[in-house]
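K.L.:
Single-letter residue listing:
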Amino acid sequence: NAGVMQNPRHLVRRRGQEARLRCSPMKGHSHVYWYRQLPEEGLKFMVYLQKENIIDESGMPKERFSAEFPKEGPSILRIQQVVRGDSAAYFCASSPLKTSSYNEQFFGPGTRLTVL
Amino acid sequence: AQTVTQSQPEMSVQEAETVTLSCTYDTSESDYYLFWYKQPPSRQMILVIRQEAYKQQNATENRFSVNFQKAAKSFSLKISDSQLGDAAMYFCAYRSRGKYSGGGADGLTFGKGTHLIIQP
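Order-wise, the sequence lines are chains A and B. Per my numbering, the very first residue in the first sequence carries number 15; after that it's consecutive. Per my numbering, the very first residue in the second sequence carries number 61; after that it's consecutive.
Bound conformation, chain B alone:
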């Protein structure tokens, strides 16, 4: 079974600064997907960024980028120019490549989350 570990229960950063959230995972599979989700106080899960394991190029979405190190099984999230609206819980998640007929896919495996605090 796959596991996802987020070793930072809480991180704090000054507004406009850069912060990196860590995530490691354990799997025996070679093809999979990795995700970062944001959960603000409303508890709505919002997809921030995603990465396919077979792609060497790190994904970027505006101020959000990842550092994907497949051999080390590491998938960190970098948030540049932090904004007050970035304050939330951030969850790293793993998903196997789809294996079911009909196009479906496994459920996501989540880490325990990192609480990101933005200091004004």
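Chain A with its partners taken away, still in its complex shape:
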């Protein structure tokens, strides 16, 4: 069973461009979480999605950021008009339907976004 996959692993964008980060959850997982890690910081929760639904976006910046998890295909985190402050590592995690009380989140390897 392949783990959580994220691509690209590294992404370079110039200020004002759009960044699209993809996350394929583990097989059978229907919950996806996105986190952002700024340099020298811990991970910060951004958004929690189930298939075709945004459940909790309390950690998402109000502007320029959006996320989706369509019925088919990977989850996408989209950042429009990127700025230098968006440079960070973005991690995706997935968890299965509730099979245990832990609902463990399995993390992908992350996408490092660099904004020039």
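Because the hints were derived from the structure by calculation, they are not lab data. Note that beta-carbon positions come from the ideal geometry of N, C-alpha and C, so glycine has one too. What you were told as hints is all true, and nothing was included just to trick you.
Here are the simulated lysine-lysine pairs, BS3-like style, with alpha carbons at most 25 Å apart: (1) A/Lys58 to B/Lys172; (2) B/Lys115 to B/Lys133; (3) A/Lys76 to B/Lys172.
Some chain B residues well away from chain A (every beta-carbon gap over 10 Å; in silico): (4) Met71; (5) Ser72; (6) Tyr85; (7) Ser88; (8) Glu89; (9) Ser140; (10) Asp141; (11) Gln143.
Pair ranges (Cβ atoms, derived): (12) B/Ala76 to A/Lys76: 44 to 52 Å; (13) A/Ser80 to B/Glu77: 46 to 54 Å; (14) A/Glu55 to B/Arg123: 22 to 30 Å.
Given chain A's structure and the hints, the job is docking chain B onto it.
P.N.:
Same frame as chain A, now just chain B:
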């Protein structure tokens, strides 16, 4: 909102020795989960150990164990017989008990991390 504090930005230990990493948290909830994650230079997040708040018994996983003090809101990680491969950033994390329909759960709240150095 919950907060997680790791007061040790960096810790150093001799190989084969024991080291304890500190974590405190703030919450008004009575039922929750606590986790320690390891992040090596590859940046992959690896779950080390987890604890359910309603369980009084401290969790253990091989050389890793926790000291969970619910009243003090403290959740420290002890690594015994430290090995070179233990060198990494260690993050303490908190999660509320699941509250969403469909079985999902809140996102994790992380501390800022402790950089663990293993001296050969």
